[in-house]
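Student: These are the residues of each chain, in order.
4 protein chains.
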Amino acid sequence: MHLKKVKHIETKKGMSVNDLVKEMENSGVMGAGKIAHAVNIAEEAIKTENVKVWFGLAGAMVPGGMKQIIIDMLENGWIDLFVTTGANLTHDLVEALGYNHYQGKANVSDAELHKQGVDRMYDSYMPNEVYEGLEDFFDKNFEELQKKGKMNIKEFLWAVGELVPEGVPSILRTCAKKKIPIFCPAISDSGIGLMIWGHLAKGKKLEVDVFDDLKEILDLAWNDKNKYCVWYCGGGVPKNFIQQAMQFAPEAAEYGIQITMDRPEPGGSSGANLSEGISWGKMNEKGNFVDVISDTTIALPIIVAALKDRV
Amino acid sequence: MHLKKVKHIETKKGMSVNDLVKEMENSGVMGAGKIAHAVNIAEEAIKTENVKVWFGLAGAMVPGGMKQIIIDMLENGWIDLFVTTGANLTHDLVEALGYNHYQGKANVSDAELHKQGVDRMYDSYMPNEVYEGLEDFFDKNFEELQKKGKMNIKEFLWAVGELVPEGVPSILRTCAKKKIPIFCPAISDSGIGLMIWGHLAKGKKLEVDVFDDLKEILDLAWNDKNKYCVWYCGGGVPKNFIQQAMQFAPEAAEYGIQITMDRPEPGGSSGANLSEGISWGKMNEKGNFVDVISDTTIALPIIVAALKDRV
Amino acid sequence: MHLKKVKHIETKKGMSVNDLVKEMENSGVMGAGKIAHAVNIAEEAIKTENVKVWFGLAGAMVPGGMKQIIIDMLENGWIDLFVTTGANLTHDLVEALGYNHYQGKANVSDAELHKQGVDRMYDSYMPNEVYEGLEDFFDKNFEELQKKGKMNIKEFLWAVGELVPEGVPSILRTCAKKKIPIFCPAISDSGIGLMIWGHLAKGKKLEVDVFDDLKEILDLAWNDKNKYCVWYCGGGVPKNFIQQAMQFAPEAAEYGIQITMDRPEPGGSSGANLSEGISWGKMNEKGNFVDVISDTTIALPIIVAALKDRV
Amino acid sequence: MHLKKVKHIETKKGMSVNDLVKEMENSGVMGAGKIAHAVNIAEEAIKTENVKVWFGLAGAMVPGGMKQIIIDMLENGWIDLFVTTGANLTHDLVEALGYNHYQGKANVSDAELHKQGVDRMYDSYMPNEVYEGLEDFFDKNFEELQKKGKMNIKEFLWAVGELVPEGVPSILRTCAKKKIPIFCPAISDSGIGLMIWGHLAKGKKLEVDVFDDLKEILDLAWNDKNKYCVWYCGGGVPKNFIQQAMQFAPEAAEYGIQITMDRPEPGGSSGANLSEGISWGKMNEKGNFVDVISDTTIALPIIVAALKDRV
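Residue numbers (the working numbering), protein chains in the order written: chain A, 35 to 345; chain B, 35 to 345; chain C, 35 to 345; chain D, 35 to 345.
Calculated directly from the structure, the hints in this document are not laboratory data.
The reader is advised that the hints may include incorrect statements.
Facing chain A, from chain B, some residues (calculated, C-beta under 7 Å) [said to hold, decoys possible]:
hint: 1; residue: 222
hint: 2; residue: 244
hint: 3; residue: 270
hint: 4; residue: 297
Straight-line alpha carbon distances no greater than 30 Å define the calculated DSS-like cross-link-like pairs of lysine-lysine that follow [to be verified]:
hint: 5; chain 1: C; residue 1: 320; chain 2: C; residue 2: 259
hint: 6; chain 1: A; residue 1: 39; chain 2: D; residue 2: 149
hint: 7; chain 1: D; residue 1: 342; chain 2: A; residue 2: 41
hint: 8; chain 1: C; residue 1: 41; chain 2: A; residue 2: 149
hint: 9; chain 1: A; residue 1: 181; chain 2: B; residue 2: 238
hint: 10; chain 1: A; residue 1: 249; chain 2: A; residue 2: 213
hint: 11; chain 1: A; residue 1: 212; chain 2: D; residue 2: 41
hint: 12; chain 1: B; residue 1: 212; chain 2: C; residue 2: 39
hint: 13; chain 1: B; residue 1: 238; chain 2: A; residue 2: 239
hint: 14; chain 1: D; residue 1: 47; chain 2: A; residue 2: 211
hint: 15; chain 1: D; residue 1: 56; chain 2: A; residue 2: 46
hint: 16; chain 1: A; residue 1: 149; chain 2: D; residue 2: 320
Backbone N, C-alpha and C define an ideal beta-carbon position, used for all residues, glycine too.
Just chain A, with the same shape it has in the complex:
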């Protein structure tokens, strides 16, 4: 066998995250090895000019403290296309309006929290009053949004992002400002969707087309000048929507990182190993992929901190 030896990880006082990741690379197996592999893939994808990074983010990642990391990645040009859930965008907007999420507990009385007006996402809390703020925001800005006329969801989200004032850290605002394509196919399944419904219920109009974003993302994928790196934190629609587009990329995805705690065996897309995508023509059979089995809030900060030393 011409294999690399497992070199045991050594830790040192004051060591940098990047140095720890290099130790993990030399160890090379199990979870640690996957973290290091992910950093190497991301480094190459970001540094290689014609590689586009398409990033799918699912799970309660704004309540989970990941917002600034995502904004940094968008600002640094590390993400070329972004797909997420309506929930994350709602939480992002809620914070842009001045609200916060709070450090809570998981093993609590949800009836008591309900009485106190607190919404729980595992051990992260959000005051339910944010919905009033969201209502005010959309009351104030609904006409502005209507003026845009018929939109697809991406255009709608950019329009919302433009309403976030400069200087406020926000995923929506950053995507709008930098014109990074942002997709959220199930936007109606979110607080933002609810707010729009509130206005429609009063007879107002807002035309947002279901299928037009699909046209946009597929046009972007169908481009033989680019190579693609897919990067998923969690599964769900964000992953699947990008995977679907990769079927139209001439060489499919040649780089891939997946961070999830979902299991592959029950057969759902969220837990499926990236290699499964090879059978579909979504991933290139010679591509460089890694499945990191980890809570995103642990793995993503390590990966991004290490990348900051390298890129």
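Given the structure of chain A, go ahead and fit chains B, C and D onto it with the hints provided.
Tutor: Then chains B, C and D, alone, in the frame of chain A:
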């Protein structure tokens, strides 16, 4: 303590599924106890006249052999409202067009499968040629769909379901025939979405509104004559879309069943215990809920087989 | 491809567990397919004369209501060699002394339970007073055990099992009565171990050798007249101790069933797929194995109920 | 609510692991928050004079690259008592004899590996020839071990550790050298056990008592001058053996860290949240505990690297 004793499960030659579930109820703990609890909740919800069962289905459940069970539940009037992923509806339509899924393996060469034109979902296979069948179907029927004029997604899905010939077992057809509201917020994230995109790319029109389904489901929830039982197999958008609507049900959901392998600790909605919904006002704090930690393809057939003896 | 089609599972009023398992076999994929595969493997192993079933049981399976199923399997001659944890044997003995486990809840105040003298295993409870009963039992019987002289752990467990009166359902008693080899390498890590320690602390003697059981199990494995079916519910020492012995079986294990919720990716033995054992020479590369990803309290009763129709 | 806000994690070029952990502490929720909590608990436990850290290590942690981290912790006096599996000690000894583990792959032909004489632990490989080295080692040293006369397992392991030459990095050697109590109740379930069996099979004698270690660990726990911090990487016997001893600590364990990927719901000890131990009197109800849901090879290096800045 006035607690029930754990009575050890006894199995017998020829025993019925329902009798095994009753043994599980007397045992009452861990996974077995949850299965029995789920059957009890479903039995009460289905038998109680004004309780509406809202069912969310995620994961590769048609490739996983669950189609007939879902159709039975819909036909029997056990499901009053149905939300699923675009993938499941695409697989349902694919089978309606005469194709099949196949028993495969998970530990295989995906490159080899790709060469053979086989798409893999863990250990279930689908020939990639189904896409030609789908294309033919939508080519043939696109004008018919256009004639419906502006639709929401539910109406679009009913229209597709009506195109499935009588006698063909199909979730889409059953929902259309029985006018069971069927929602799929992220329909663009699916093979069906791709087919529509194919026609839009050629300049054709099909107007499907993003937010209008939200209005429909919320109007249905906002009904003080009904009580609600939420039933989730998997998480993702199907769960979240129903949970969101439950915030508008006067008493929130008073019954709840969740079957999933996702974990709660990473904080995403898919793995969140149902009780978390109490804090949000999605679940009633006095409700009767159970979280079954199981592969749906194991738990759902047991639950439904037992229910057939009881309802 | 010459593959079998996924035939969708059909449920029927009054259907037997075995008929449901046959439906799962025709579906053939994901969790359901694995359950059916496990029943087929077990059926063949039990029916084939020279195949010995070596069964490893870990996890809180007596508190979880599995005791009678295990006793049935032992009584029926379906298990030829049994390895488990000290905890399961302690819980078995506790029930043999007249105590019970109780249906509890997982989301409770453990401080309150402690005050009430209740020990919790997820949602199964045990009154802490069982330890007094255990003490009485070993006080009364210690001399009897000493009389046996130097023992290995198997002999010690048979000796304890002989002290359980006839007619009392007990795993220990059944193994002793039927002279089924029962191993528990980490017996000191259990309530039974604590009781022995209590007597040693008072200066009494009981000689139980660490390594002698290893000799026994390896001698049993090293037998070219037998073939082996390994069957694991949970991992830990019970699995590993049998796997280790299989390295000495002339053809390694040719049948294998594993039921666990542990994941393979972190690298531990408990979650490792059975196929990994092929590399070690523990499993035969042409063997018939299945990894069932399920809570044992769900999967095992189904499998055993179906087997009762077949064997 | 007087709760701390979720402050979004910020990463920086060149940032230290400890600084990243501090960011995780300010975020405070989900997986990241648990990592930071674990570092705080460990820091306090290590710095507080009369707090004893009892460390349980399960899983393939030497093949997984964790050996040097464990040795460092032992050398630094961060671990006062160590319990592990026979497998980890065997892998430790194997490396002390000059062999290595190798970076492999999980999705491979185990039949092919077997042919090449390679044993697989997920994606870490070990050449099977190590067993010859182990045999030589015990052949050479068996008399030396016999000379010790009757031993308990701890004494046996110290005796083995003393045979490892100075300067060779080894967990066994470090425990022996520093007289750190090391327990391995199921030592017979390991390669080391097999080697001893090999000599017993030839009629040699080695007396190692099963229950005597229990006496040692309980005497250590039963000490009202000490407080205890339990620290588990993985579950199994190492966790349970320490937990059992904590029932005898006057105030039970007042600090606790658990790193595991096992789930609590199936009811086994390995996945049980630490708080469950409160009901048993193993954990102090006012104690400071955290359950980190993570692959140990990811979480442990981060925690230890951060601790090196603090202790």
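Student: Return the status of the interface hint for residue 270(B): holds when the least beta-carbon distance to chain A is below 7 Å, violated otherwise.
Tutor: holds, 5 Å
Student: Please verify whether residue 249(A) and residue 213(A) have alpha carbons no more than 30 Å apart.
Tutor: With a Cα-Cα distance of about 17 Å, the restraint between residue 249(A) and residue 213(A) holds, given a limit of 30 Å.
Student: Is the hinted pair residue 181(A) and residue 238(B) satisfied, with a Cα-Cα distance of at most 30 Å?
Tutor: Status holds; Cα separation ~25 Å.
Student: Closer than 7 Å between Cβ atoms is the bar; does residue 222(B) clear it against chain A? Give me holds or violated.
Tutor: Holds. Min distance 4 Å.
Student: Holds or violated: is there a CB of chain A closer than 7 Å to the CB of residue 244(B)?
Tutor: holds, 4 Å
Student: Verify the proposed pairing of residue 212(B) with residue 39(C), using a straight-line Cα cut of 30 Å.
Tutor: OK: residue 212(B) and residue 39(C) at ~28 Å, within 30 Å.
Student: Going straight from one Cα to the other, do residue 41(C) and residue 149(A) come out at no more than 30 Å?
Tutor: At roughly 49 Å apart (the allowed maximum being 30 Å), residue 149(A) and residue 41(C) break the hint.
Student: Assess, step by step, whether the Cα of residue 47(D) is no farther than 30 Å from the Cα of residue 211(A), and give holds or violated.
Tutor: At roughly 24 Å apart (the allowed maximum being 30 Å), residue 211(A) and residue 47(D) satisfy the hint.
Student: Would you mind confirming whether the straight-line C-alpha gap from residue 149(A) to residue 320(D) stays at or under 30 Å?
Tutor: holds, 26 Å
Student: If you draw a straight line from the CA of residue 320(C) to the CA of residue 259(C), is it 30 Å or shorter?
Tutor: holds, 18 Å
Student: Given the hint that residue 342(D) pairs with residue 41(A), does the C-alpha gap stay at or below 30 Å?
Tutor: holds, 20 Å
Student: Taken at face value, is the distance from the CA of residue 41(D) to the CA of residue 212(A) at most 30 Å?
Tutor: holds, 24 Å
Hint compliance for this structure: hint 8 alone is broken.
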